[in-house]
Amino acid sequence: MIEAEYVAPSNLGELFKSIEGRAERVKFVAGCTNVLPDLRAQNPAPMLLVDLTGIEELRRIEENNGVISIGSLATMTELAASEIIRTHGPILASAARALGNPLTRNRATIGGNIADASPAADTAPPLLALEATIHTEGASHAKREIPVEEFFIGPNQTVLNQGELITRITFPIPKDPSASSHIKFGLRNAMAISVVSVAVVLEMQGNLCHRARIALGSVAPKPIRAYLTEKELEGRKITEEVLESCAEVVKKEISPITDIRASAQYREHVTGVLLKRALWQAAREGENSTNGNI
Amino acid sequence: MEQRVFSTIGKVTRRKEGIARVTGKEVFSSDVTLPGMLFARVLRSPYPHAKVLSVDTEEAEKMGAICVTPDEVPQIRYNERQVSIPSKTYRDRTVLPEVVRHVGEGVVGVAARTEALAEEAVRRVKVEWERLPAVFDPFEAMKEGAPAVHEDVMLGDVRLPIKNNIACVREVSEGDIEEGFSIADFIVEEEFRTGRAYHTQLETKAVVCRPEPDGGITVWPTAQSIHNTRQLLGRIFDIPLSKVNVVRVPIGGAFGSSIQMNTAVAVCAALALKAKRPVKLCLTREEDMYDHCKYPSIIRLKYGIKKDGTITAGEMQTVVDIGAHNIQAYPLLGCMAGWFVSLYRMPHMHFHGTAVYTNKAPACAMQGYGNPQVSFAVESMMDILAEKVGMDPVDLRLKNYVGLGETFWGQGPTVRSIIRSCGVEEMLSKGKEKIGWDKRGKPEEKRGRYRRGIGVGRSFHTSGTGAPMPGEVIDYSTAMVKVNEDGSVDYLTALMCHGGGTLEAGAKIVAEVMGVPLDKVGISPSDTRSTGYDVCTHATRGVYCGGAAIKKAAESAKKILLEFASRLLEVNPDALQIRPDEELGQGVIFLEGAKDKAITVGEVAKTAQLKGWGTAIAVESHRQVNCPPCFVTNFIEVEVDTETGNVRPTRAVAAVDAGTVINPDLAAGQLEGGLCRGIGLALLEDTDYDRDTGELTCGASLVDYKTYTAVDMPFVDDLEAFFANTYEPSGPFGAKGVGEAANNCTAGTVANAVYNAIGIRFKEAPITPEKVLKALKENGAAKRRAERND
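One line per chain: the protein sequences are L and E, in this order. If you count the first sequence from 1, you need to add 428 to reach the working numbering. No gaps in the numbering here: position 56 of the second sequence is 53 in the working numbering, and each next residue is one more.
With the rest of the complex left out, here is chain E:
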């Protein structure tokens, strides 16, 4: 029977790593300091596309600096992301390249006694460049004769020539698209664009590498997957994995930018191996901004719909400008198809995606992995369609959403499972009430300088990438749980916490299973030598997939513990239960209804040790065979200043269907954070490049790359987060994910709210004050023309 009443899960508790974080005691990669450690800097390309003709490090080496050049590193082409199976992995980079493909790409690593000396040494390295023509626009890049960003890449072990800078293409069809459009009463087609946002994670990428006397290496990186970092380093530098130890270090946020092994890691490892001393490399903010960004999108979307609001067909064509390296464009396109298919039922569908190389910073996953982009287009279109057929936008969504019992593509066409929990209707109906949907009015009824509008948007994210059948994506986790002799419990995984409370959730799951108070569960330090494989903390899988492995390990350890207890209590172990006893500060094993049959967990564990029975300890690997959607719904009210074009969010309701919520306050925080980033994607965040220099026009600085702050959000009383009351049968204690879902529907919701305020449909995000003002002027002029003609 499914458990719905919990002792620990769902309670608001003090976060275990909280005190270290707020007192500055947490040790991040950049805080790791080792005896004899050198500091590294990297010489980076000032050009968007150039060949390195020669490198002269003599002057730098005279200073005592250690340098690594492109011809000194292993010439292995790799993909820094190790989540897909090898045959679907595009490999296009080396540790240090002989051809640079974007401004800021590292060419020479330099290490010296201090960071200042390393910087000075970098200035003394002479590089002879041959500039090559560069291309910045994906459509220009696809033209015949455009500069080739890559001549060829490796797909698995096969050399793949690159034509017209097309990195990869993905096409997915179901049904008969022509038939689908032919039975529609209306066909609507629009083009949508979203920006090339930067992750703006607090911590820039950093790493410390220590070469070991046995020829191995120990690494403290910024990473979302220590095991993938280990595997890749082992392959590049030809070191057995038993000698590559990657340590889990707390991470100062990632938003997906450390799913792949960050560029700093390989350079730093090469330097450490050459120097035979520990080396630290911390990227500056400027370097970090040239290192990664969100996949921008251009989406052409076409729907067929009947007068009664039934969608008959949908077609999506997208071009994604991936920048200089193909980190994960192939799975991205698959996922975009999946998000498209899984939002609204389409008997007939077609998806065509093209990923294009340009000479810009490489794009990678960023909170939502193509989903905010797809949802921006689809959710905008749902409002357009609703107007077309004269339906309320909420009703149109209710009529067509993919829900209970239907198929969900959690990670593209190869990762399909059946939806077994769904809070879509609940969130839409409650959200409507909370925001005052029925009083929102029509744009043409609104007057005055400031106009308010309310928009709705919905989406979801996958919870992990598991599926009944193995697909193109690897997904499983491993966990160890052991009972200590005082009744406390340790748990160990290679999962990461990016700030959302994943490890805290793991501790709560252990406490719940073991029946011990939460403060008696310890999160063990973790590295690749002591943990089993965990693919990566990405894809909103931490709680759903990682948590399930932790639960399994805890249950196995509990079984052993109860077996020990049964010897002492002389009761069948299957009849025993454990409950947390706050007074005793530990779990008590008991037989229901028998007062004398009770003993503390600590007493059992200690006795088992003294009698030599062993330790109650278990390790389990676990793959989830589902990837349930965590649905999300936003209702947002904005106020448009029609004189300046400024759009301000004034009220918001954000809801998620996360199944059982493990950390309610942290999950609500995720919803609020996701909302903030989503509003930023809608209104503010983008990067552009100077076509002559190839440099970021924001100067790679946070002064002019802005994200919204607390004071840009609706006031606390005007912002409500709530959870759907659902239970996911396949999740640990009924839980699904939250993380990425939180921002997926927000940009589309904001666009819909702006439309409701001023009657103008913006199809290109960010919707900046200048764009709004321009559109208002054009709209006003058009109206005046129309009035004159009447």
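Next up, chain L with everything else stripped away, as it sits in the complex:
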């Protein structure tokens, strides 16, 4: 049984007024795809549920001067269908398409996926690879802009304060010519929490990789960037040999655990395999991105 007070503000002004002085009890809810099962499992203390779904200003997906802005209430279905995202962040569209099932995707929001901060959060690796910024607003309208790599602290832990809300997520359109790729590997092709997921964005100069951004999910206490591997790749041509060395380097950057879905050793091995595939795919096919059986 959940004891909760419920408010449904229709704009941010109303929202902050309604939670004034009660920030410590606030639980923001939108799609509720995580919140409801969590509450049922935890039997929590009485809380103030703040329903965000009426706040229209948090829904927009738009492009301004080379920056993509995604309102935190944008659903996975909307991300997967958005022309802007499919053009400028196809790996994010791919991750959105790979989350849950159509019912979940119609409800789950990008803000919720990030705020929940699962090490397996589907949208986190693409956002890390796209070097996204999380925009938040807290009590008395204090605003913050947090680089996504600083946002996650650990499993289900973020730098968000109580009562602080993700309003939007932005990322700069990757410089041309760039290529990207995303692979989610789970135990089935839908409704799966990833065993490993990989997102890469490469800036190419001829056949050399000028800049690489590589992000991984489900292989550390939080979604991570693989900086050492990026360095290994940068300035080099993408060859079988280089990919092999990347697959070796990446193992030093991850700290996978053994759980019901896979063993640590298996995750380590598959990270290398998927990384090679993602890099190869990005290098070869430019903007192509895939998920599922890779």
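Each hint should be verified, as a subset may be incorrect.
With the C-beta cut set under 10 Å, the calculated list includes, among others, these residues of chain E facing chain L [as the list claims (entries may be wrong)]: (1) A113; (2) N643; (3) D701; (4) A707; (5) L770.
The set of hints was computed from the structure by calculation and includes no laboratory data. Just so it is clear, CB atoms sit at the ideal spot from N, CA and C, and this is done for glycine as well.
Guided by the hints, dock chain E onto chain L, whose structure is given.
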């Protein structure tokens, strides 16, 4: 003469309950709402094995909650499954136990005005536990000094002490096994394992119970057998059966998990009788996952075979970890022996099965009842044997399969009958063509990151549990058919539909017999007061056994109708026929060749009423004296990703020999559904327990207990289901079953396909990516070693 041309049977039609299902109007147990109804929750054991020392319900009762504790319920030991005869029924449970034997076993029932209040009341109940040592592994459990899950149980009316946690043993021999092996050119022995899968039926178990003013009770349960639920409730609570009415409620899938009266029913009934108000109890998914699972198996299999591919002997030894209660392990072992014997001819055979108690959720029947487990082992072995003697796997199967004119053990050693219809050869030869069998190649010829392989597997299931002689299993059905005054027809049975279209098939049988359009046949609501006995809709018996009773009742009603018509038409009734007239929207009774001798069914029925002749109505009980096998064959292509170990089914051909197919689209759907579950059993589905806490490692959640979804299956164009062209002489209009057969051979087929792709034989299901990768690495290392040594 057997009828082979049909007006209704075999046609694709719109399903009667379809609209209610897709519009959400269907009323399931959890939707039943009654005035003054309370909601129940159950306090469950957090421990795998513990004694309940005391229960204090005072705080909960102060809230106004009604509680039932172990010392308040009737102390009757029962078996929740009522399909076997009493002397072969092991009884080891009570409504609420004083010793809990698995995590999640219910101890105290609590009812309150709302579900939330009931939950709060459960939290206020105090239980003092004495923890007892628990055992989770069947081999550990059989050791001297292992914790005893049960001290004793009842077998029929006799107290049976339990030694070394062995719930029951079954041994079957034919011929002389030593002789059989001695004449073999090769002897092959292997061990196979299958997982402890969870049923994952859509609907969790639910029930509503209403105490009646006369001391009786009305029950709306999730159930595959309303009559067995009634009989058991009557016995436990000492109420005459005439006062126990169990209502048939649509079921959201079962896969065998409601053959027995579900645990929720007895608890809810106890609460309702105490509260003197209606009570509803719906299990959460977590509770449901601790309530039932598939029988896992460890099978040691040994075959003797001659160089020419003739099997000379077979020996199967199995250990089945049944969990905390013996729901139906004894018949299970018999059936496993039967599946083994009936797959391939063995002049000499031996079967030894042991069922072992452990402190885990109780296992029960799940689509195939031991057959997917046996077929996984046997079908894997057939490929091993084929390689040994240098034969094509299909040819080896054709040489040794049990077919036409031979004996089939439909439900263990006591249920035997002769096979009178068989589509095995047809399915194997057509299937081969469709999948491209001859182009599948050898594993050693395959290269690259992704390797594809094709496997074959065959099996069958019984159609019901009937037999010429009564055995250990009860099997018959009852049906009523009556003609209404407008020419429409009602039919009434206690059969269930689990989603496969059993009741739809019954309506088609009625329409066919009565010669009326299908939309004029109504499926009557059913409960135990208004219907004759029907054992249970299980064992793939719905159409073959239940349908036969329906056909018999329809024929009797038709006879009366034609007799009425003969008075009006002045024609001998034996000369009259009925045909459906779509334009008139009802049946027309006519004399062939005589235009003026025709009258509608409605006119006859109405006239019979007005003249006071009576109603054309008939009730028949019927037992099938055969249990024909519905054979099934799969050809499956998989693709193995040698870098991740992931196995993906890419193409499949699934065929069934169901005799006359009554609902072609639904039968094809069953084949596809069975294929999906079978692939899951092969590659994905299993449960495990934490040895310290006794909890399910998947957290009793569907997030981490996965079944395959539509997007994991081969694409529609790459998946073909077809039916063998057969006719079962003993079946209604030539029909046999489909349901369980659909998944029985799939896991073995997948294992064979994986072998064909990468040359590695997996003997333990599920074949997970991790296992595949590990085996590939070991195989690679072994090959490199061998090359170095060359």
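* Asked: Regarding the hint that N643(E) lies at the interface with chain L, is the smallest CB-CB distance below 10 Å?
  -> holds, 7 Å
* **Supplied contact hint for A707(E), tested at 10 Å Cβ to chain L** => holds, 8 Å
* Can D701(E) be said to touch chain L, with a Cβ gap under 10 Å? -> holds, 5 Å
* To do: May I ask you to test the interface hint for L770(E) with respect to chain L, counting a Cβ-Cβ separation under 10 Å as satisfied?
  => holds, 7 Å
* Is the shortest C-beta separation between A113(E) and chain L less than 10 Å? -> holds, 4 Å
Going down the numbered hints, you'll see the structure goes against none, and every one checks out.
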